[in-house]
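Those protein sequences? They're chains C and D, same order as listed. Just so we're aligned, residue 131 is where the first sequence starts under the working numbering, counting upward by one. Just so we're aligned, residue 66 is where the second sequence starts under the working numbering, counting upward by one.
Don't take every hint at face value.
Claimed, not checked - Selected chain D positions facing chain C (Cβ under 8 angstroms, derived; list incomplete): (1) M98; (2) R101; (3) L102; (4) P104; (5) S319; (6) W391.
Hints are computed from structural coordinates only; laboratory data are not their basis. Just so you know, these numbers come straight off a predicted model, no measurement behind them. Note that beta-carbon positions come from the ideal geometry of N, C-alpha and C, so glycine has one too.
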Amino acid sequence: MIAAVFRGLAAILEGLGVTLRHLGKKPVTVEYPDRKPFTGIRWRGVHGLFFTDDKETELCVSCHLCARVCPAACISMEGHVEEDRTKKLHIFDVDLGRCIYCGYCEEVCPVDAIRLTTSTDYTVRNRADFVLHKEDLLAVGRAAMERGEKGALGVRRGPDEETLSTKEGIGTKEFAARLTSEIRRRPWPGAGFFEKKPAGRSEEEPGERKKEENAV
Amino acid sequence: MLILFLKTALLFGVLLTAIAYVVWVERRVLGVMQARLGPNRVGFGILATLPVVGRLFRFTKETRLFGLGQPIADGLKLFTKEGIEPAGVDPWTYRLAPILGLLPVFLGFAVVPIGPDVPVLGRIVTTQIADLPVGVIYLLAVGSLGSYSVVLAGWSSNSKFSFLGGLRAAAQMISYELPMGIAILTVVMLTGTLSLREIVAAQGDIWNLFRFPPFLILAFVISTICAVAEANRAPFDLPEAESELVGGFHTEYSGMKFALFFLAEYAHIFLGGSILAVLFLGGWNIPFIGTLAKVLPVLLNPWVYWILGVLSFALKVFAYVFFCIWLRATLPRFRYDQLMNFTWKVLTPLAAFNLLAVAVLGKLL
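Only chain C is shown next, with the shape it has when bound in the complex:
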């Protein structure tokens, strides 16, 4: 019985020692609004719309793939055709209240325009503020690029796997310029709807395109 008493005392003293040692340790708490918690670089956080490497040209080509693949249907977008017949985005809304951060949109994007960043600013005071508009997403993307992020998926791919980006040089200014020039030359079925074009041009085009493809 006396042995039990001493064992109990030893246990109590040991416990006291543990708590006392913690007094000298740094608490693990991250003071959230003042300091951001550390997230892995593959963190699937708030979406960002990315730019070319010089941060001038938007990458999105308004293909609607992300909106279609989204299981939560949180992306709604609308594009239009510019005067120069490039497809331009003018509405791109992501509803963070619905988003499940699965990353499908990033995975499906052919030009890696939408990527999930490490930003953790999910909190808003107003329910309506959950919907991020195009400018917000561009700002998130720009900030993420400045931090040197490549999106959750860009990192996940191994170095030996060729991505669309590495193969085609997506994200470079040259690619964007080539794409634009290519699209400008490309016939678009609905083009006549927007602009009056001289008839017969579409017949000239296939030859030109073929030539260009060979060049590439």
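The hints should help you fit chain D onto chain C, whose structure is shown.
For chain D alone, kept in the frame of chain C given last:
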């Protein structure tokens, strides 16, 4: 008379401030011991609006000062909260209980000698409100009054949680008074006086703690355990056991009535620390002051001596308060039968044998 009034007011002010800030200290220390931060956000942002001071110390709205504003915010919250009286309570007992809880604790402080005497305007002033010749008995008597408050609160609330908390509190507080009394009796027997002032004066050369080792140390340990138990602190916090009894005896209390219980609990810790400091740790006596004074004669100036004495006393009390917080961070709660077994089967016989041993030793040596 005026001096007495001033002393009382001063003691009240110091004690209430100390309690308010000890709550903050407790939350911060507990936090760090559990690897978190504790309250550190409430600061003195309002100071930034002060015309001169705000500029001088560069206060901003973000001035947080480690959360030192927390006790003020807590106090304001408790003052402005609605005092709910549930249906079916016994109104007068219900209102009386919190007052009865705080009253005896503050009464107890009346006999605690806090520092040495100082000359003020040609007369000697004691740093003690009343020097009763039966101070120790008075402390024990007044201390046991505190259990009335808990029992009455538990009974009058008309709630089974309160009732169970009150029952436990009654049994616990009475049970732990016994070994406490016996352990204190050891000191009384050694010094031959019941006046706390004389007990402190008798410890000028050697603290009671170090006499007849290890018997007085054992008495000190027993008294410490009992003091923790009487203040209903973890690991003896069965009466409020928040994980099983909601809040125990104060489940049905809110607003300022709850605040009184809260104050009483923390004042009880301070009182327990004061009693231990006075009886075992030499009260306001400063260790090695005689040797130090030979090098620095200024230490014997009455006011310097007084300040050092009060600091020495405060340090001892705060060491005990820190120990309470430390215990709370470490130990889980006792089970009820363990609690009762511990006091009746371990502490009480141990204290009695200890008393016997000291009596024999005192006669022999």
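Worksheet item: Against the structure shown, which of the earlier numbered hints fail to hold, in ascending order?
Response: Per hint list: 4 and 5 violated.
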